[in-house]
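J.: As you go down the protein sequences, you meet chains A and B in turn.
Mind the numbering: the first sequence is residues 35 to 101 in my numbering, read in order.
Mind the numbering: the second sequence is residues 316 to 1003 in my numbering, read in order.
It should be emphasised that the hints constitute simulated quantities derived from the structure, not laboratory data.
All values reported here derive from a predicted model rather than from experimental measurement.
The beta-carbon is built from N, C-alpha and C at its ideal position, and this holds for glycine as well.
Be careful, since some hints might not be right.
Claimed, not checked - Partial list, derived from the structure: chain B residues whose beta carbon lies under 8 Å from chain A:
#1 R390
#2 D391
#3 S403
#4 W525
#5 P527
#6 G528
#7 I536
#8 Y593
#9 L656
#10 S724
#11 G727
#12 F728
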Amino acid sequence: MASTGPGSVRQFLSSGLSLLRGVTGDDAYEKYVAHMRGTEPPQSPMTEKEFFRAQLEQKWSCINGCC
Amino acid sequence: MYGKLVALLLAVIGGFALGGIALHRNEPINSLWLVTAAVCIYILGYRFYAKWIETRVFVADTQRATPAERLNNGRDFLPTHRWVVFGSHFAAIAGAGPLVGPTLAMQFGYLPGTLWIIVGAVIGGCVQDMLILFMSTRRDGRSLGKMARDELGPMGGTAAVTGTLMIVIIIVAVLGLVVVNAMKHSPWATATVLATLPIAVLVGFYVRHWRPGKIMEGSVIGLVLMLGAVVAGGAVDRSPALHALLDWDGVSLAGFVIGYGWVAAIVPVWILLAPRGYISTFLKIAVVALLAIAILVMRPDLKMPAMTQFVDGTGPIFAGKVFPFVFITIACGALSGFHALVSSGTTPKMVSNEGDIRLAGYGSMAVESFVAIMAVIAATLLDPGVYFAINSGAGVVGATAEAAVQTISGWGFPVTAEQMHQLATDMGETTLFARTGGAPSLAVGMASLFASAFGKSLLSVWYHFAIMFEAVFILTTVDAGTRVGRFMLQDALGHFWAPLGRTSWYPSVLFSSTVIVAAWGYFLYVGVVDPNGGINILWPLFGIANQMLAAIALAVATGILFKTPRRRYTWVTAVPLAWIVIVTTTAAWQKIFSPSPKLGFFAAADDLAGKLARGELSADRAAVAPTLIFNQQLDGYLTILFAGLMWIVVLAMLRVCLRQLRGLPVPPDSEAPFVATRLDAAALPRAH
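I would like the entire structure built from these sequences, with the hints used as guidance.
T.: Okay, structure coming up:
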């Protein structure tokens, strides 16, 4: 028990953090690079700056929020 | 067996709490009753009704590949972990709406609004959001307008798109008015809100140039700076020179919001809109959690009666009887058509498996409904007299403090000028009379809660924190709404002259942005000069527009369900549809035809025109009267338009259903063909 206690707290915090990263889009580039590497044949991804620029254009050109 | 016992227990507790709320009379009720009833009913709704809809009505197929998998481009189409989809969808649907509407609706007492929020969400709003999300996911993430066109024919599609553009304009105007009324003659609030702009720009540079894509870092920096701005605003307020400099009246603030909205619409999104969007997501999650903790810790009593005399339609905050107007005033939090646009926008492109749709669609809306319940608690923990003094316009209760407290105490809600003065001083404001729009009274409620839960000395800081938090939401909606309106307008104008449809052609961007800003700017300006506070006109207009959109979404869903082999379950959407059509039609009818100048738009225009002609108005009222007369007529025609658009879509849906019953050709079901999923659930990007 003593050894699982701090571990599960850490696990809880780290899944909370990765949830937050997902919701805010902080990990979007990592996911994108993973996707591009995983395609057959692998494609070369945009740089982080290019990706971020393209992502913003797309995100804010449609309805993505309510009142 | 164990699960069934828990469910039975929840049902008993929830039913007991709901019965307790409904039957409680003549003594304050504790807020825990509301929280208990709401949470039990959401869990039951999610666990049973939503599950039943998932398995029987739309029949989620966990073996079917979603658009996120089939069209995966690593960017917008991307299989995403279910809790991330849930969080993103919740962040997208929740804003100022579920906070403002319930606050205003408390003029009827807490009971009508609370019942509608809970019941409306569980059988209306959550069902709409979940079904539209499912239907869009089955159709490659297509928008509501596109689905309306595909399934109900071109008339339905055009009506849906026109309705969407109109509602965007109204919502930006009314939320702009809320934030103007919160900043009016409040240097502290104005300083704090002004400070959020350079902070957003700084964060914009940070995530764009200094640390590209590091959104979390940027958001945390922005959040800390904004908290600093709230505290620093207090110092601004205490400095006489700065106090005078930032003590703005409504018209100047409206001019500022309009000018700001125009600039924000034409500069690149990374400068203002995107960074504030990040900070706003953080604030949203943090404040919802803080509010829930504060309510559970403090468990305040609700001082508002269950029902007030204003259910008869004589209320000071907005006119109209409890039916239909409580259902119009509370849209977000119970049933909001706008959510259908999000459910058919970004979210369906992230869903990795149809089995996740219940959590994102139904679950997120249940949480938003709970946010609305917390807004009810924050509004009703105030003394009713204080609540009415803050939320009633000067034109209704009287322009001086003495007149206002006399009118309100005369209704049976005692309040004194000293009490209001003390409250304003505690909150760091010069006055809290006639601060219409819901934001200041919500901020007073939240500040009282936070201060008693987390430290009493900080009342004025908590108050301005709440104002800042609402302003950040609202300004994000102002920018995003203007931008979306611009794209929709450009899309429409492109049919007449192709270059106008090019979203990156700068002259077209300038032109269409100016048109959209002018449209909402007009309503905002009129709302500010209206002596009755403007909210009493604009909020019902917004509510009617939003419920029209809900009717359109539910009609699309009903039309689609009727085409499936599960036709006998069409009542799942047809029942909320029928209800919202009755509500919206009744409200529109009364706003158009009521002979009472308080309620009817045209009656109000005639009444004011008569007073103006007979010289019964004071000089300052006579100066704005022509504007107000024109505006009341315009609002009347808009209401006719909204009701007309709603009925066009409903009739188009009924026509498709009837033709199908007769075996006549109908537009085919536009579902994408089945492709088996190859995603290994275990290999999905997890949230850990």
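J.: Now look at each hint and say whether the structure bears it out.
T.: How the hints compare with the structure:
1. Interface hint at R390 (chain B): satisfied, since its Cβ lies 6 Å from the closest Cβ of chain A, which is below the 8 Å cut-off.
2. Look at D391 (chain B): its Cβ gets to within about 6 Å of chain A, closer than 8 Å, so that hint holds up.
3. For the restraint placing S403 (chain B) at the interface with chain A, the shortest Cβ-Cβ distance is roughly 5 Å, inside the 8 Å limit, so the hint holds.
4. Taken as an interface hint, W525 (chain B) does not check out: its beta carbon lies about 11 Å from the nearest beta carbon of chain A, beyond 8 Å.
5. Satisfaction of the interface hint for P527 (chain B) is found here, the shortest Cβ-Cβ separation to chain A being roughly 4 Å, below the 8 Å cut-off.
6. A distance limit of 8 Å between C-beta atoms decides the matter here; for G528 (chain B) the minimum to chain A is near 4 Å, and the interface restraint holds.
7. Interface hint at I536 (chain B): violated, since its Cβ lies 13 Å from the closest Cβ of chain A, which is beyond the 8 Å cut-off.
8. The interface hint given for Y593 (chain B) holds, since its Cβ lies 6 Å from the closest Cβ of chain A, which is under the 8 Å cut-off.
9. For L656 (chain B), the suggested interface contact is upheld, since its CB lies about 4 Å from the closest CB of chain A, less than 8 Å.
10. The beta carbon of S724 (chain B) comes no nearer than 34 Å to any beta carbon in chain A, farther than 8 Å, and the hint placing it at the interface is violated.
11. The restraint placing G727 (chain B) at the interface with chain A is violated, with a minimum CB-CB distance near 33 Å, outside the 8 Å limit.
12. Nearest Cβ of chain A to the Cβ of F728 (chain B): about 29 Å, over the 8 Å cut. The hint is violated.
Hint compliance for this structure: hints 4, 7, 10, 11 and 12 are not met, and every other hint is.
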